[in-house]
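Just so you know, the sequences run in chain order A and B.
For the first sequence, my numbering begins at 8 and goes up steadily by one.
For the second sequence, my numbering begins at -18 and goes up steadily by one.
Rather than coming from a laboratory, the hints here were simulated on the basis of the structure.
Treat the hints with care, as some may be off.
Unchecked claim - Covered stretches of chain A, going by a simulated chain B footprint (3 or more residues, C-beta under 8 Å): (1) 86 to 96; (2) 179 to 188.
Said to hold, decoys possible - In silico DSS-like cross-links for lysine-lysine, where the CA-CA straight-line distance does not exceed 30 Å: (3) A/Lys219 / A/Lys306; (4) A/Lys306 / A/Lys50; (5) B/Lys93 / A/Lys301; (6) A/Lys219 / B/Lys93; (7) B/Lys250 / B/Lys86; (8) A/Lys219 / B/Lys250; (9) B/Lys86 / A/Lys306; (10) A/Lys219 / A/Lys301; (11) A/Lys57 / A/Lys306; (12) A/Lys306 / B/Lys93; (13) B/Lys86 / B/Lys116; (14) A/Lys219 / B/Lys116; (15) A/Lys219 / A/Lys50; (16) B/Lys116 / A/Lys57; (17) A/Lys301 / B/Lys250; (18) B/Lys116 / B/Lys93; (19) A/Lys57 / A/Lys219.
What the hints assert, rightly or not - Below, a sample of chain B positions facing chain A; criterion: calculated Cβ distance under 7 Å: (20) Asn92; (21) Ala245; (22) Leu247.
Just so it is clear, CB atoms sit at the ideal spot from N, CA and C, and this is done for glycine as well.
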Amino acid sequence: MATEPTGEKDGASQVGTPAEVRPTEAQPTAGHAGQEDRSSRRKAALRRAKRRRVVVPLLTAAVIIGVWQAVVAFGIVPNFLLPSPVQVVYALVADASLLAMHSVATLTEAALGLVIGTAVGFVVAVLMDRFETVSLALDPIVTVSQTIPTVAIAPLLVLWFGYGLAPKVVLVVISTFFPITVSLVSGFRSVDPDLIDLMRTMNATRWQIFWKVKLPAALDQFFSGLRISATYAIVGAVIAEWLGGFSGLGVYMTRVRKSFAYDRMFAVIILISVLSLALMGLVDWLQRIAMPWKRAERKEGR
Amino acid sequence: MADAGEKDVDAVAGAGAGAGGAAVPALEARGFTLSWDEGEHIVVEDVSLTLGAGEVVCLVGRSGCGKTTILHALSGLTTPLRGRVLLHGTDVTGQPGHVSYMLQKDLLLPNKRIVDNVCLPLVLAGMPAADARAKAEPLFERFGLAGTERMWPSELSGGMRQRAAFLRTYLMGNDVTLLDEPFSALDALTRTDMRSWYCQMSRELGMATLAITHDVDEAVTMADRIYVLQGDPRAGVPSRVEAELAVPRPSDGTSPADFALTPAFLDCKRKVLELLG
C-alpha cells in the first residue's frame, strides 16, 4: 500500500511545507478505495515531513562545515587564527584519552552540583509554596542572586573553597537551583483550585493534596526547568574550572589557549556542546519515564 | 413578566414536604446567608433547602445568582455567614467530607489511570491501593466503564470521563451527592443520555442528589422537586428561594426522555421559566 515516494516527490517535499505538499501530490488516478488511499498517502506525507525535520538541519550543518573548510583551505582566514574542521577532528581524536579524563572531572562536578541544586531548588520551592512569608522573604533574594554574573563570583569561590571540587560544585548549585525553583513554584500555582476543593471534600490532608495533586501538576514545568539547569550545570562547571583547578574541561581549555592550540580549543568546545546535549537528552528520557501519561495525551491531541 | 415577591406562595401546590414528610431530611440547609467576602456582599439571603433520602432535587437559577456558593457551603468547603448544614439532623456546618460533591468539571487527575482516579477517595481514606482497586473494578461494568480501567483520562471521551467522575463520587461512600452543572460540558446528545443514566443510577443506588443547573430542561427532566433561586447579587440584590415546586413525574417508570415529551413536562417547564422571569 504505502509505496515509497519517488525521487521527484522527495524534491518537491523539500521545498514546500507539509501543508503545501498535500495538494501537489493528488494523484489523478485516485478513485478506487479512496479512503484507504488517502490515509496511506497521509502517512507517507507524515513520514516525509519527519525525514525533512532530520535532513534539513543536517544539510545546514554540512554547508556550514563545508564553507568553514573552504575559508581555511583558500586562505581567506589564515590557518593560525582558524583551524579547519578536519584539523579539529584530528585534535579530538589525538587528545581523546586526555579529553575523556577531563570530561569525567567536569561531569562529576556538573552532576553533583545539579543533584544538590535540584534538591535545594525543590526545598525552596516547596517552602515558598507552603508559607507565604517564606515566599515574600525569598522571592527578591532568589531573583537578585541570578543577576550576579557567575564569572564574577567564581574567583571568590576559589578564594573561599580552594582549587578542589568544592568551589565548582557550589557554582553549579548556584546556577542550577534557580530554574528549578522558578519552574516548580509556577507549577504548584498552576494547579486548578477546584481540584484542591475536590480533594478537601474527600478529607484529603495537606500532605496528600501536595503529593497527589500539586506535585504531579508541577512535573511538566519542573522538567523544563531541569532541562535548562542541565545545560547551566556543564557551563557552570567549566567556568569554575577556568578560574583555577587541576582537572576538567575548563582547565584543559585554559591550557590549550595559552599554547595557542586553537584546533584543540574548537575540539573542546564541540565536546562541551555534545555533553550538554547528552545531559538534556537524559532529562528528556527521565521525563518520559516519570510521566507515562504524557504520551497518551500527545496521541489524543493530534 | 415576573412579579417577584408574591409568587412563592401560590407557585405550585403540593410541593413542600415532598418526599421528606415528617422524617428527618438527608440534608438540610437551614437559613443560609452567604457571602463571597466575609459579609461585605451578601450573595444569598435566608435560603433553606431540604433533600429527602433518595430524592433528586434541582436548584435552578440564572448564572451568577449564587448556586455554586450554596453548594460550596453545603459541602463544608466554606462556612455560611449565618445558617447551618444538617446531615440527617446532625450539624456538619463547615466540615468537608460528609457529603459527596461533584464539581463542574470532571477533575480527573491526568497522571492517574482511570481505575486509580476512581479509587482516589478510598486511597485517601487509607485503604491499600490493591484493596481499593478490588472494590472499584466490579463497578466499572455497571457505570458503563468496562475496559477503561487501565486507560489514561485523556484517552476517554467527555461522557466517559463524566461517568468515571460519577463512579469516583459514588465511591466517596456518602448517601448525599451534590452536583454542580454536571452535564454542561457535554454535547447535547450525550447530555440527554447521561441525565437519564444518572437518574436511574442514583435511584438504584439510593443516593440523594442535589443538583444545581441553569438549564430548566435539565431540572425538570431529572428532579423530583425544584427550587427556583432568584436574585442578582452582583447588582446588590441577594438571591432567595423564589419557589419550590414538585415535578409531576409519572410513577409508572416512564423514562426521563419520554417524560420530556409529555404536556405535564412542558407545563412544569413553563412555570419554572415564568418564575425565573
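Comparing the hints with the structure gives:
{"no.": "1", "hint": "86 to 96", "result": "violated (count 0)"}
{"no.": "2", "hint": "179 to 188", "result": "violated (count 0)"}
{"no.": "3", "hint": "A/Lys219 / A/Lys306", "result": "holds (24 Å)"}
{"no.": "4", "hint": "A/Lys306 / A/Lys50", "result": "holds (15 Å)"}
{"no.": "5", "hint": "B/Lys93 / A/Lys301", "result": "holds (11 Å)"}
{"no.": "6", "hint": "A/Lys219 / B/Lys93", "result": "holds (9 Å)"}
{"no.": "7", "hint": "B/Lys250 / B/Lys86", "result": "holds (26 Å)"}
{"no.": "8", "hint": "A/Lys219 / B/Lys250", "result": "violated (43 Å)"}
{"no.": "9", "hint": "B/Lys86 / A/Lys306", "result": "holds (22 Å)"}
{"no.": "10", "hint": "A/Lys219 / A/Lys301", "result": "holds (17 Å)"}
{"no.": "11", "hint": "A/Lys57 / A/Lys306", "result": "holds (16 Å)"}
{"no.": "12", "hint": "A/Lys306 / B/Lys93", "result": "holds (17 Å)"}
{"no.": "13", "hint": "B/Lys86 / B/Lys116", "result": "holds (25 Å)"}
{"no.": "14", "hint": "A/Lys219 / B/Lys116", "result": "holds (20 Å)"}
{"no.": "15", "hint": "A/Lys219 / A/Lys50", "result": "violated (39 Å)"}
{"no.": "16", "hint": "B/Lys116 / A/Lys57", "result": "violated (46 Å)"}
{"no.": "17", "hint": "A/Lys301 / B/Lys250", "result": "violated (45 Å)"}
{"no.": "18", "hint": "B/Lys116 / B/Lys93", "result": "holds (17 Å)"}
{"no.": "19", "hint": "A/Lys57 / A/Lys219", "result": "violated (37 Å)"}
{"no.": "20", "hint": "Asn92", "result": "holds (4 Å)"}
{"no.": "21", "hint": "Ala245", "result": "violated (36 Å)"}
{"no.": "22", "hint": "Leu247", "result": "violated (35 Å)"}
Checked against the numbered hints given earlier, the structure breaks hints 1, 2, 8, 15, 16, 17, 19, 21, 22 and satisfies all the rest.
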